[in-house]
Structure formats: C-alpha cells, structure tokens
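4 protein chains.
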Amino acid sequence: MDDDVPLVNPEVNFDHLSLIDEQRRKRKWDGAIVTNPNCTTAVLTLSLKPIAASFGLKSVVMSSMQAASGAGYPGVASLDIIDNIIPFICEEEEKVQRETRKILGQVERSADFRVSASCHRVPVIDGHTEAVFVETEKPAAPEDVAKSMAEFKAEPQKLMLPTAPEQPVVVRSEQDRPQPRFDRSEGKGMSVVVGRIRTDPVFDGIKYAAIGHNMVRGAAGCAVLIAESMKSQGYI
Amino acid sequence: MDDDVPLVNPEVNFDHLSLIDEQRRKRKWDGAIVTNPNCTTAVLTLSLKPIAASFGLKSVVMSSMQAASGAGYPGVASLDIIDNIIPFICEEEEKVQRETRKILGQVERSADFRVSASCHRVPVIDGHTEAVFVETEKPAAPEDVAKSMAEFKAEPQKLMLPTAPEQPVVVRSEQDRPQPRFDRSEGKGMSVVVGRIRTDPVFDGIKYAAIGHNMVRGAAGCAVLIAESMKSQGYI
Amino acid sequence: MDDDVPLVNPEVNFDHLSLIDEQRRKRKWDGAIVTNPNCTTAVLTLSLKPIAASFGLKSVVMSSMQAASGAGYPGVASLDIIDNIIPFICEEEEKVQRETRKILGQVERSADFRVSASCHRVPVIDGHTEAVFVETEKPAAPEDVAKSMAEFKAEPQKLMLPTAPEQPVVVRSEQDRPQPRFDRSEGKGMSVVVGRIRTDPVFDGIKYAAIGHNMVRGAAGCAVLIAESMKSQGYI
Amino acid sequence: MDDDVPLVNPEVNFDHLSLIDEQRRKRKWDGAIVTNPNCTTAVLTLSLKPIAASFGLKSVVMSSMQAASGAGYPGVASLDIIDNIIPFICEEEEKVQRETRKILGQVERSADFRVSASCHRVPVIDGHTEAVFVETEKPAAPEDVAKSMAEFKAEPQKLMLPTAPEQPVVVRSEQDRPQPRFDRSEGKGMSVVVGRIRTDPVFDGIKYAAIGHNMVRGAAGCAVLIAESMKSQGYI
Chain A
7 MDDDVPLVNP EVNFDHLSLI DEQRRKRKWD GAIVTNPNCT TAVLTLSLKP
57 IAASFGLKSV VMSSMQAASG AGYPGVASLD IIDNIIPFIC EEEEKVQRET
107 RKILGQVERS ADFRVSASCH RVPVIDGHTE AVFVETEKPA APEDVAKSMA
157 EFKAEPQKLM LPTAPEQPVV VRSEQDRPQP RFDRSEGKGM SVVVGRIRTD
207 PVFDGIKYAA IGHNMVRGAA GCAVLIAESM KSQGYI
Chain B
7 MDDDVPLVNP EVNFDHLSLI DEQRRKRKWD GAIVTNPNCT TAVLTLSLKP
57 IAASFGLKSV VMSSMQAASG AGYPGVASLD IIDNIIPFIC EEEEKVQRET
107 RKILGQVERS ADFRVSASCH RVPVIDGHTE AVFVETEKPA APEDVAKSMA
157 EFKAEPQKLM LPTAPEQPVV VRSEQDRPQP RFDRSEGKGM SVVVGRIRTD
207 PVFDGIKYAA IGHNMVRGAA GCAVLIAESM KSQGYI
Chain C
7 MDDDVPLVNP EVNFDHLSLI DEQRRKRKWD GAIVTNPNCT TAVLTLSLKP
57 IAASFGLKSV VMSSMQAASG AGYPGVASLD IIDNIIPFIC EEEEKVQRET
107 RKILGQVERS ADFRVSASCH RVPVIDGHTE AVFVETEKPA APEDVAKSMA
157 EFKAEPQKLM LPTAPEQPVV VRSEQDRPQP RFDRSEGKGM SVVVGRIRTD
207 PVFDGIKYAA IGHNMVRGAA GCAVLIAESM KSQGYI
Chain D
7 MDDDVPLVNP EVNFDHLSLI DEQRRKRKWD GAIVTNPNCT TAVLTLSLKP
57 IAASFGLKSV VMSSMQAASG AGYPGVASLD IIDNIIPFIC EEEEKVQRET
107 RKILGQVERS ADFRVSASCH RVPVIDGHTE AVFVETEKPA APEDVAKSMA
157 EFKAEPQKLM LPTAPEQPVV VRSEQDRPQP RFDRSEGKGM SVVVGRIRTD
207 PVFDGIKYAA IGHNMVRGAA GCAVLIAESM KSQGYI
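Chains as they are written, first to last, in my numbering: chain A, 7 to 242; chain B, 7 to 242; chain C, 7 to 242; chain D, 7 to 242.
Derived from the structure by calculation, the hints contain no laboratory data.
Among the hints, erroneous ones may be present.
One copy or two, either will do: identical chains are not told apart, so a pair holds if it fits within one copy or between any two.
[To be verified] Here are the computed lysine to aspartate or glutamate pairs in the EDC-like style, where the Cα-Cα straight-line distance is at most 20 Å:
(1) K101 <-> D182
(2) K144 <-> E157
(3) K101 <-> D210
(4) K64 <-> D210
Okay, chain A solo, but in the shape it has when bound:
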C-alpha cells in the first residue's frame, strides 16, 4: 500500500501504472513493483468502475459470499463450511475498504468515497458473489447503470491484450442471476457478471449482485493482465 507502488486492476486504473516511473526514480531501480488487488476487491472495483465514471460514487456497502478457493489450499476445512457460513475472513474487510478507494482513486491519492465491507465464507468452490449497495453522486437509474456497465471497455480491451475479456462487465437480465456456478467462467474467468440492478431505498442509489472468479480475475488472471498491460506501456 506504499504510495509509489501501484495497485492495479487493469480495466479500472490502467493509468496508475505511471507510478512505476516515480517508483523507479525514487527507489533508483530498473525493476518495478506492481501489486494485484485482493480477489474481492478485484471483482468489486471492476463492477464499480462504470458507475464511478458515469455517476460518481459517494458510498459503497458490500456484503460478500466468498468461495472456499479464496482461502488457498488446504484452506477452509470441510467441517467448518458444509451446511455453514463463516462470517469472518481475516483482514479481508479492511483490505477491501482500503484497496477499493485506492484503485478507484487518483494516481496520487485514494478516492474519498466511503466503503464498508462485510465478508463471509460460503460453501462454494470458486466464484465470489457480492451484494453491492451504492450511493451515487448523480441520480442513477438502473437501466442507465446497466447500459454503462454493458458498454464499458477500457485500455486492455482497446489494446486487445491477450488476457483481456472482450466484455469486462457482463450484465444479465434474468432475475436470479448471476450465480457463481453458472457465471464464474464468463470471459474465461476474467469478466465480472452483474445482475439484479435495482433502485436502493436507503441511498436513493442502486444495488446489484456481482460475481467474479476469485482464482482468475481475482488472482492469476489479473496478474497476467497486469504484466501484459506493463508490457504494452514499455515497462517490461
């Protein structure tokens, strides 16, 4: 979380890679340290980016239902999770709250919207599900939010980076989607699938469900896309 170490989710804050220049100057090295977001943050920030761009963010409340694979191997004991929910993942909420504001912020400083996360482990193999409640700066009708998400493209798509999914945010219109077992492999695991975009009565904003593959968008796939992004900019 150092100021000169970019934390990058390529479709969200590609421009933060420019911190590498400063990092090299300051640290007097040729290499570069770039970090991957936490898996829950990766899914959340990608779904929030089109909203941030079109409507602005004031507050984000997020309740996650995280897959067992997010805990690594052997990770969660089956005795702890069959027929059960664990409403705690060590340091996860703090990371999500901090990283979301950093990734969706400026190169030089975190955004100042507020974020509150509640993180839960569920008996699902792969795919983090997130219930997201958003207070926007400008009025945001669900259909406009859906449109902004469905049409969203960023540098990785424009540069046609090999690991970039054609559609970073896929919007489903069925009332009972997205579901992790059926949607986690969308875009080879690099897309985030969003559904149930509806008006939120607390924030006069919107709420929605998002799912992303924690092992791909949330881990290895994201790391590869970062490397491809760095290469496209001549950093490696």
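Use these hints to put chains B, C and D onto chain A, whose structure you have.
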C-alpha cells in the same frame, strides 16, 4: 399488511397486539387475525430492537444468506444450490423492507427509517445469516450496542411465556461467530445470535452479523409465542 | 427389455445392433427401437467390458454414489441431500442388475454371471462414482486388468465415430482417483475413469473405483453415439 | 493388533476383555491396554453381530461413505470434498478388513470369514454410511435378519451400562432410510441404524445399509463404553 392486523414479533412489538381491539370493533368479530413476520424479518427485527430502543434507527442495509429450508419442501433443488448461491428470493426483499418498518414502528403507523435488503439463498440447511449495516440516530459504540443486545428482555421474558427464550439476543464475542450450523439452535431456536459488532465506516454507525433459526424464530416458534402472548393478554 | 429391442452401450455391445434386423422382420416395420442403458449401468458395463473380454466374469458387486443430476430437474431437494446420503433410488438396483447382464450378454440372451447393486444418492452435482468388486473366471492381477482397460478400444473407436472418446476407459494411477469433480469430463464426458484397481480378498478377484458422467456417457452422449453407430451400420 | 491386546466393541465382543488377564500375566503389569475399533469397523461389526450369531458369516463386502469428521480437524479440505467424493482413505480398508475379523472372532484368534472393504469420503459432516453385502452360512431371509437385529441385546444392555444404548441396532422399515443426517444421533449416537435389508443375488445372502455416528459409536462413545465395561468386570 392491513392497518388493523398486527404483524407481531413478540419481543419486538408486543404492544401491537392491542390492534386486536380495534380490529374486533371495526370488523365486528370475536376472533382475531394476527400475522407472523417473514422469517428473515423476524431475525432482523429482533436484532435491531435493542439498537432502536437505545440509539434510534435512521437506515438499515441488510444482506441475507438464507437457508434452503426457508423455501419449504421440496423447495430449492439440489442442482441449483450445491456449490452455488442464488441471489434472488421472490418478493423477499420487498417483504423485509416493508415488515421491518411496520414491526419496529408505532401501533398505528410504520417507522420512517429506511431499509434496503438484498436476499440470497445459500447451501445451508437451517438458519438465516444476515449482514446488517445500521445508521443510528445517536452515536453507537460497538461495546454499548453489544451491552444493549445482551441485556435486552421484553414482555415474553417478563411474563415467562413458555416458548420465550431466556435471552432473546445472544451476543458472541468470538471473531468468527455466529455461524448457522453452530448457533441456529440457541435458545431452542428462538434466540437470535449476534456477533462481529463493529463500527461502520459508511454510516458512522455499526455493522454486525446475526443468525436465527428460520424454522423456529422465523416460523413455527414465533407463531406459538404469538399465541402465548395473546393468551397472556386475554385475547384467547 | 424386450428380446428384440437392443439395449446398447456402443463400446460394449455394438453387435447387439444386429437385433434391429430381427426386430424389423418380426414387427414388420422400417424403423427401429434401440434403448439407452440406465446411467449407472452405462458406467459399470463400460468398465467391466475389458475385464469380461480378458478374464471372464463370475460375480459383480457394485455400490454406487450417484450424482443429483441423475434424478433430473428439479429432482433431489437440497433439504434431502446437503450433509446427507440417500441409500435408495427407485428401481435403480433392479435395472442395473438386469441391464448389466443383458448388455454384457449375447445378442440372444443375457449373460449368466451374477450382479448385486446397492445404489445411493450423494451431494455431488454430476458424475456417478461406483465401487466395483469382481469375481473373474480366470485369475486377474491388478496390473493386467489395468492394462486391459487402458488398451481397450471398440467399434466406435475403430470407426472413428464423432462422439466416441479416443480412450473409452481411462486408468488413473494416483491412489485417490478417480474423483467425480475432477474426472467426470474426461473424454468430453464419454470416457469412464477407473482407479484403485486392487486385489479383492473376498472373491480372489479385483476391486476398483469407476466414475462416469451420468449426463453424457449415461444419457445424451450415449444416445448420440448409438445413433452414430446405427448410421455406420446403415440402419439409419 | 497384538494378540494379547483386546480390540473391543462392547456389544460385539465383550468377552475379549478377558484377554486383559493374560496381558497382565504376560506383561507383568497392573494396568491394561484395550483398544477401540476404527470408526468404520465399529459400525460394521455392530450391524454384523446379530447376523453372525444367528446365521453365521462366510463373506462380507462393504462399501463405505464416510463423513468428513472421521478425518479429524482440520481434516478434509472443503476444496477436496464439496461436489466430490474421494475414493480413498489411507489404511482404512486394511484396518476394516483386519479388525472386523478380529472383533467377530474368538478371544484367541480372528474369525476366518472373508472381508473386502472399499472406503470413500463423502460431503457429510457426521455419520458413516455403509453398504454391506453378506454371505451367510445358513439361509437368511431378510425378515429374519431384521428380527435378529431388532431384538439384539448384549452385555452392556444387560448390565445397563450408562453409555449403552437401549437398542444397539435400530432397524428402519422405510425404503429410503437410514440416512446420516437423520439417523446418526439414534441412541445418542451409540446405536447403529440399519435399513433396506434385502436378498443379495450374488451371495444368496443379504444386503443392507447401515449408519453409525463415527464420533460417538466410532470414537469417544465407544471408548467410554469400553471403560464402563472394564469397570463392570473389575478391571478398573
């Protein structure tokens, strides 16, 4: 949801039973219609009552992880829920939003705090888990909220009604509790178990996890406790 | 189960298709009725075929652990199968016992080895797992059985039918395989995966674990392969 | 497995405790080593005992579906067992095969019937399910086997030992029982529940399903009952 039909969660709004008098007058009958809250609402409102009483409620955001038994039998197909989450339960969010304000309101009218719910079905047999984010009217320190919950008693306890749990809200201090498999039978399924009470950075309020047995507190047990409450007041 | 209606698992009893000729003569029609084996039988008979061919069969005891998708949709209720086993599937054992002898028998009559099945439903989405105990006619060393299975090819492979898997029986040497989640899609779901081939102390025969995809080898995929087989023989 | 160390499942081979006398003589000590059967063996041998007593045993084939708690804590990783079966438990089959013959044998030597086990881990929290196929010495009609099981009592029942279940083997007549989630706590976890007793076409014997609580009958409860048995005989 008729104005003269009480919707009762006995520890929360025992006084709403007085609507029976009006109902009898208006409808010219001797019987009485009293309704049970929705199972998710029953758990939520019981956990909110001590907060409402001590700190006041301005906004409530709730994300549920609901057990399969809540859908009745045969209910959720195993093919739909093994290794999966379904982020939709028909009419559930509307019910929770409406009923919570009615139960925590005055006899004659619903409370005017705002409620937003997002409801999800998870691969758990019994016990609804709820992530709750609360904006309070007065500042609410987590330890004070915990105290107000742990000490909370209401008419069913004072009247020592047979089905009333000794402690309606049980507060756990472990960082990874409550969990449905281990906590759903607390108070023979009539208690709500709360944990992880912590400061909420969005609302400057608090957030916590709550679990209750959807088949007991959320259904049959609550109905019996309503009957016992009615009997204690001479309505039956 | 009529005598002139072939019950066909193409790699096992391709020659039974010749019953169509008799069926057409007897029933005076141009069409043909050919039936698909039960999903559990499809997996079992494919794994038994190389043993039958090389060592002969005297007795087969099979205990299945069958996936929820075998019951169709909505099929098994989640309340019945989460954290549970159901040791009964209607008519299944009778079908497996009868069909296995028919498929591994001659065109004109069932084989006379004995078969006993015990069928159980388990909390698995796709893929039937079978524990098989076999009394062979000739001595059968585990390594020889493994070799006969791994090298097994039949008409569908020789004819290079589109749906025929390159290797109908895949033998795994790891001590904890096959496992349904990891092995059910072998050969696009058309292969049966076998492991743990070892000496059986009751029969002085062998025992092993087999897994096959009940929705592919055990249903739609098998039906397509039957159609391709019929076409290759000019029946359609 | 030493010859002078009794391996005791109290209802099955209470008389093996007399080995303690020999053990003390030989080893010149006052204490005593008595061992608990493996959890799978404990369930199997208790269900077999009435059959052994009334009909004699020639062969036993057993395929287990074992709960995750049998592996201790943390034991089986959730990533390994959700939507999956593991057809291997280290050393388990060898133990079941050896211990079953020892427990159902004479004090001085193991029985000489044959046993073959195939052991599988399934996504169940508690309760081992076993599919058992038995060749008996005398003809055994299912209804007679059921009667012998339902009426079975042994020394722990006659001595009214505190941990002894009133009925060691409970026979269910429903066609889809026993099931681990519903039957594992029978007799406070000390009873074995048996169902689906039917004729076996391979052995001209019988087959059935049995369930027992691996953590009670298969572990702690059995150990306590052994201690109570020893005390009743003056060994401690």
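Against the structure, the hints:
In this assembly of identical chains, K101 and D182 lie within 20 Å of each other by CA distance solely across copies; the values are 17 Å between and 29 Å within a copy. In this assembly of identical chains, K144 and E157 lie within 20 Å of each other by CA distance solely inside one copy; the values are 19 Å within and 43 Å between copies. Taking the shortest Cα distances, K101 and D210 sit within 20 Å of each other only across copies (19 Å), while inside one copy they are farther apart (27 Å). Taking CA atoms no more than 20 Å apart as the test, K64 paired with D210 passes in both settings, with 11 Å inside one copy and 14 Å between copies.
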